[in-house]
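Fit chains S, A and R to the given chain U structure using the hints.
Number of protein chains: 4
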Amino acid sequence: MTRKLRMGMIGGGKDAFIGAIHRIAANMDGLIELVAGALSIHNETAIESGKMLFLDPERTYLDFKTMLEKEAAMPADKRLDFVTIVTPNFAHFEPAMMALDKGFNVVIEKPITFSLEEAKKLKEKVEATGLTLLLTHTYTGYPMVKQARQMVKDGALGKIRKVWVEYPQGWLSKMSEREGNAQAAWRTDPSKSGKSGCMGDIGTHAANLAEYITGSNITQLCADLNIMVPGRALDDDGNVLLRFDNGAAGVLMASQVAAGEENALKIRVYGEKGGLEWAQQEPNTLLVKWLDKPTEIYRAGNGYGFQSSYMTANTRTPGGHPEGYLEAFGNLYRNFARTLSAKIDGVTPSPESLDFPSVAEGVRGMAFIDNVVRSAQSDVKWTNFEI
Amino acid sequence: MTRKLRMGMIGGGKDAFIGAIHRIAANMDGLIELVAGALSIHNETAIESGKMLFLDPERTYLDFKTMLEKEAAMPADKRLDFVTIVTPNFAHFEPAMMALDKGFNVVIEKPITFSLEEAKKLKEKVEATGLTLLLTHTYTGYPMVKQARQMVKDGALGKIRKVWVEYPQGWLSKMSEREGNAQAAWRTDPSKSGKSGCMGDIGTHAANLAEYITGSNITQLCADLNIMVPGRALDDDGNVLLRFDNGAAGVLMASQVAAGEENALKIRVYGEKGGLEWAQQEPNTLLVKWLDKPTEIYRAGNGYGFQSSYMTANTRTPGGHPEGYLEAFGNLYRNFARTLSAKIDGVTPSPESLDFPSVAEGVRGMAFIDNVVRSAQSDVKWTNFEI
Amino acid sequence: MTRKLRMGMIGGGKDAFIGAIHRIAANMDGLIELVAGALSIHNETAIESGKMLFLDPERTYLDFKTMLEKEAAMPADKRLDFVTIVTPNFAHFEPAMMALDKGFNVVIEKPITFSLEEAKKLKEKVEATGLTLLLTHTYTGYPMVKQARQMVKDGALGKIRKVWVEYPQGWLSKMSEREGNAQAAWRTDPSKSGKSGCMGDIGTHAANLAEYITGSNITQLCADLNIMVPGRALDDDGNVLLRFDNGAAGVLMASQVAAGEENALKIRVYGEKGGLEWAQQEPNTLLVKWLDKPTEIYRAGNGYGFQSSYMTANTRTPGGHPEGYLEAFGNLYRNFARTLSAKIDGVTPSPESLDFPSVAEGVRGMAFIDNVVRSAQSDVKWTNFEI
Amino acid sequence: MTRKLRMGMIGGGKDAFIGAIHRIAANMDGLIELVAGALSIHNETAIESGKMLFLDPERTYLDFKTMLEKEAAMPADKRLDFVTIVTPNFAHFEPAMMALDKGFNVVIEKPITFSLEEAKKLKEKVEATGLTLLLTHTYTGYPMVKQARQMVKDGALGKIRKVWVEYPQGWLSKMSEREGNAQAAWRTDPSKSGKSGCMGDIGTHAANLAEYITGSNITQLCADLNIMVPGRALDDDGNVLLRFDNGAAGVLMASQVAAGEENALKIRVYGEKGGLEWAQQEPNTLLVKWLDKPTEIYRAGNGYGFQSSYMTANTRTPGGHPEGYLEAFGNLYRNFARTLSAKIDGVTPSPESLDFPSVAEGVRGMAFIDNVVRSAQSDVKWTNFEI
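Protein chains in written order, with the working numbering: chain U, 328 to 714; chain S, 328 to 714; chain A, 328 to 714; chain R, 328 to 714.
Looking at chain U on its own, in the form it has when it is part of the complex (with noise of 0.2 Å):
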């Protein structure tokens, strides 16, 4: 890379969860500078967020739209390289769209539409337009994760044979939508967050991870979603019996109502030779499981001479230096900000770099939405997975 990329962000102001993550996930590096943003759609947070940012109060916007125009007039040395999108779900598309159409590259939070329309609609445009877009399923960020799939890839476990991966959360067991907690609210309310809850939300990024890890597609799929606390209008809790396109058989279980847990996604594949168990709230050890020898225990950063390149290119310390949630997400940040730059530069960006969730992950995000309500709303069991 020859210079730093330059990030503008929609969304994101101060009190937002997620908008804080994305930029520490982008600063972390020192490969992007954030010079701009649309930060709230309200006037007092977008101008004091600005401020806390150290943003030039000319580049602090008060909308998207003024911003991408503003932006894409701009001289070719100061112009933003890309924009980040981090408001609700149903807020994705329209900016995104825009920003793709103004030629700027997109970084967008995951799920990455309100609808599976959108994000066919989505994906259409960015190949059209040949730019750039990262989605952040921020787990498949996991140098863990990464080593997990290439051994799939390698066929160090044989045949796949079984997949489990469950998400539980505890944070919605109480109806705290209604009592104050602005995250409960808007992802609890289907004219914001879209026609799953939980599914949406966290479902969706175990199936991502089950089909990143296995190399493997879902076929059809058994949805059981449930409202466990009375008076939520969309799923908190769901189980999903899987069928994959090799032949593995699979369930996804994910809940926001498994009181006690903070956020205990874990996945397990077995093989014919072996299995892989790997968990988000200690990511730094892989569980190999054999058949025949003692299971081994494969930790990030530890220099073996046997890991997959795509484990050590997202590792930054060696092995006993946990790395953490910020430091998977700034790998997405990280091998976009690669990939960005190579084409820039005019070189070919590495396998490692060009390694990162895109609209391809997203079309199939939303379709699992999709087809998880429509299982769930029918009384046969198997339902396809379409497109």
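Bear in mind the hints are in silico, worked out from the structure with no lab data behind them. Possibly wrong hints are sitting among the right ones.
Given that identical chains are not distinguished, each listed pair holds provided it fits within a single copy or across any two copies.
As the list claims (entries may be wrong) - In silico lysine-lysine, DSS-like type, Cα no more than 30 Å apart, as pairs: (1) Lys341 / Lys519; (2) Lys670 / Lys448; (3) Lys447 / Lys519; (4) Lys397 / Lys480; (5) Lys620 / Lys331; (6) Lys341 / Lys397; (7) Lys501 / Lys600; (8) Lys522 / Lys486; (9) Lys600 / Lys670; (10) Lys405 / Lys341; (11) Lys405 / Lys378; (12) Lys522 / Lys397; (13) Lys331 / Lys450; (14) Lys486 / Lys392; (15) Lys522 / Lys600; (16) Lys620 / Lys600; (17) Lys480 / Lys331; (18) Lys620 / Lys392; (19) Lys450 / Lys429; (20) Lys519 / Lys600; (21) Lys620 / Lys480; (22) Lys378 / Lys392.
Computed from a predicted model, the values in this text were never measured in an experiment.
The following block gives chains S, A and R in isolation, referenced to the frame of chain U:
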């Protein structure tokens, strides 16, 4: 108790796995002595096994019918108090019925019979004779399982919403039944094992554990059973969505092809206020998760003063002295022995002594197998749990 | 073995902790039967305890001398094979000496005697009589401890450099000996326990474990003993620097005031090529760490084909069926019983059967106490380990 | 803060481990920008590193003296706010003194200097100039370490009795310093590293952590230092008995030859009422053990309402989103930056911002090295901790 109880054993000759386990469990507390056996259908094995167990040659029988007849004719101070049946599934019913007819109490390895019909008949027989039957669903003998059950019963977690129970094993990942593994051979043979393999062998344990801890019954299920090793005759893997009579939703996952897993039975239960997590391979710990305070680590044998009397009554050592599978098994025998002795002595057994699985659990287990297999063959999502 | 061995017990009446443990350990495998006892110095307790254990009233004795005399006079087919001594430390020596003089083999709870002098005399007596003595250093009975010892012996770790052994308990964090805790009372009383409290009770276990696994002897030590609860008469805490005869350096930490700990004995051993970690509270796992490859999780009962025969001979169940403290204790008894039976039967016991602690370990344990106390009182850094 | 702070770096060119870590830590929160550097004593490396970091070529210096002089001459709105010194130990003192003389605040990697004398002089200089110095004892930046410190301070555990701190690494198990490992080479070279290897490099971290959490100072110690790899010039292993000014006894164990260990710093502290356990490799968990109730699992970022404000101020994400080593490092920088900005802005920094290690910790660290080496060479058991 005023004397040791006298046990006879049907099956369980040398080289049998589960027979040896039953003997250790029965021996452990010095309340029972093995005095007779029809230990094998092979005469030499029967005789040799009797010698190894220091049995009186006159009470080393070559078939169970002879044993039951001769023992029934013995004087009261010498006659067996009960017989333990540890033959393969298909050979449970006949000796159990005959033993009850002859007036012997019965211990029987699970699943209780070969078919649901047999199970119902056996239940009727037990009720008609007034005799006592222990079904060795081992895992409910663990002290922390009893602690968990009590906490649910006491409402510590509030209304139960979710149950996840899983039982991964890896030992059938290959076609071991054709490589001289006798255990594998009969367990994968429908004529010996019954209409399900994995679900009959370990799925029933998982279902029993879930019902025991929650104090609720499964009312509906949706099963996906698989044969992962091509050529095998019975399911070696399965995932089942569950609904319980208290409104909880659940998932039961069992597999014998989870390569690299040993015997990793684990259950998680979540209610409005918190959750419980217990894993058989580290059985002395019960994780108690709370919505509003830190997770607590409850430990077997620890004297905090607020545990269930059912936990303490099933523990032999202070905290930090790990008890395991054999002690859990021993708890079943000890509670059974105390109940039986109380009957013999004409006193009322304690509630803690009466807490062991019997014919009701046996019938539900056989019904679980039937219903799961029926669901797996159906295109309709939900199958009602019928007995 | 051609018959069960006959055991008598000295001490261990109802309410005694360790006597009950010995009985379970002896019962477990059906190789031993308890037939006589001098179970308490209180006559009523002795008689009541005998009844609870279903002893013949004629073999329920009121004092050990009578028991040993009467039993010695019995015919060979009825006479005790061995006596188990489970009295407090100060009351080990006299019955042990008399038992040996009368021709009985002996099982004795650790520490072997009240003083080093007694231990040496007892060793001479055992050697003179040719009888067999088992000292119940329980922790060396665990299968994964035996696996660890074998790996060190086989050089799997290369030359051993470091040993860290720790034994934290919290049960004496308060002045419990004045609050009616009988266990606490005698263990903190120099006239009953000996010249050390914590180091005598649990430090000796830690030292024994370290020497057993490494196959090396402590040659020098530097001790810091503490009385953390003011007013207590004996050390309740201590840290000891160690040097071993193979050049390794070590640390032994033991405490009975580590509030919140149960019985958390743990050892780590490091050599040139790797390290081992074993913790008593999760005893079925041995972590095997390597310099150049991932840490491996060795599991008791798992059939990888390269384990120590000493591990497999001391395991009763397949991997995933946790065995615990009572089974480790049972292993001591089982190996002792097999050795004794081999002698009775005139055959050579297997090396695995001969692997149990005896008088040599007893003498070293008493010497450890002496040397640690001497070092603690010295201003010189290193104290030679003298016997 | 009203603007980003401007950082210059001395040392830390490409291929240096710790320089890259400092940059990530400084970048992470968007409060600091790297604008100048004297990144290497090799001119080409310095220039190339400057390019990789997108530095203005005019502020890419070839030696630190030039940098400090030129930067001191710059106008206030461009001049560096502070310099970070990440050279090997022997090259800390001179640039630090000069930076302070020129009016720059300083961040310095530990150990603070090459000798205790230098450390004392540096402390005097800091005090004389009134400038701010951050010493990067990273591990005290972890939120759960701060939680632990607060709990001790609040008396939650009662009087502290025991401290066990350990720091095993395995990376020097072989003679790596002669196999081209540059890190190993200077760290085992007395002329570059100082009078201790293992104790200087990681023992100081362990001692600092123990004093930070307990709020107590080491007053006496008894050290056993070892050179386990023959031919090495400095200690690669050591065990130290400790006494603290509050009466607690402790042990500090550090090793670089614990083969198979990564960076396994761990501390346990026990008081009258309970204990704490924290391990750097799973840093988001603090085990809180209690004498009379179950162990609790405190988790970083979890909103129970009773945590230390020092914990929450040093956490960026909600519970279940693991933060790690880089965030802990970032906490040091963030607190330093907030303190510095407060000074610049003329406001009072919050107590939480002021909580970072500085010259006092630096002097104690150097004194720890001196005292440990002196004790190791002495035949007397206890050595007083002198400064």
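Results for each hint:
Taking the closest pair of Cα atoms, Lys341 and Lys519 come within 30 Å of each other only inside a single copy of the chain (20 Å); across copies the shortest separation is 46 Å, beyond that limit. In this assembly of identical chains, Lys670 and Lys448 lie within 30 Å of each other by CA distance solely inside one copy; the values are 24 Å within and 52 Å between copies. Taking the shortest alpha-carbon separations for Lys447 and Lys519, only the intra-copy value of 19 Å comes in at or below 30 Å, while the best inter-copy value is 54 Å. Taking identical chains as interchangeable, the C-alpha atoms of Lys397 and Lys480 are never at most 30 Å apart, the minima being 45 Å within one chain and 54 Å between chains.
When the C-alpha separation of Lys620 and Lys331 is checked against a cutoff of 30 Å, the pair qualifies neither within a copy, at 48 Å, nor between copies, at 38 Å. In this assembly of identical chains, the alpha carbons of Lys341 and Lys397 lie at most 30 Å apart only when taken from the same copy (23 Å versus 38 Å across copies). In this assembly of identical chains, Lys501 and Lys600 lie within 30 Å of each other by CA distance solely across copies; the values are 9 Å between and 43 Å within a copy. Proximity of Lys522 and Lys486 under a CA criterion of 30 Å is satisfied inter-copy only: 27 Å between copies versus 35 Å inside one chain copy.
For the identical chains of this complex, Lys600 and Lys670 are neighbours neither inside a copy (41 Å) nor across copies (47 Å), given an alpha-carbon limit of 30 Å. Taking the shortest alpha-carbon separations for Lys405 and Lys341, both the intra-copy value of 25 Å and the inter-copy value of 28 Å come in at or below 30 Å. Taking the shortest alpha-carbon separations for Lys405 and Lys378, both the intra-copy value of 20 Å and the inter-copy value of 19 Å come in at or below 30 Å. With identical chains, the CA atoms of Lys522 and Lys397 are never at most 30 Å apart, being 35 Å at best within one copy and 61 Å at best between copies.
In this assembly of identical chains, the alpha carbons of Lys331 and Lys450 lie at most 30 Å apart only when taken from the same copy (27 Å versus 38 Å across copies). Taking the shortest Cα distances, Lys486 and Lys392 never come within 30 Å of each other, neither inside one copy (50 Å) nor across copies (49 Å). Taking the closest pair of Cα atoms, Lys522 and Lys600 come within 30 Å of each other only across two copies (27 Å); inside a single copy the shortest separation is 40 Å, beyond that limit. With identical chains, the CA atoms of Lys620 and Lys600 are at most 30 Å apart both within one copy (10 Å) and between copies (19 Å).
For a Cα distance limit of 30 Å, the shortest separation of Lys480 from Lys331 qualifies neither inside one copy, at 34 Å, nor across copies, at 45 Å. Proximity of Lys620 to Lys392 under the C-alpha cut-off of 30 Å is found in neither arrangement, the shortest distances being 59 Å within a copy and 45 Å between copies. For the homomeric pair Lys450 and Lys429, the shortest alpha-carbon distance inside one copy (16 Å) is at most 30 Å, but the shortest distance between copies (56 Å) is not. Proximity of Lys519 and Lys600 under a CA criterion of 30 Å is satisfied inter-copy only: 28 Å between copies versus 45 Å inside one chain copy.
Taking the shortest Cα distances, Lys620 and Lys480 sit within 30 Å of each other both inside one copy (21 Å) and across copies (21 Å). For a Cα distance limit of 30 Å, the shortest separation of Lys378 from Lys392 inside one copy, 20 Å, qualifies, whereas the shortest one across copies, 35 Å, does not.
Violated hints, listed in ascending order, are 4, 5, 9, 12, 14, 17, 18; each of the other numbered hints is respected by the structure.
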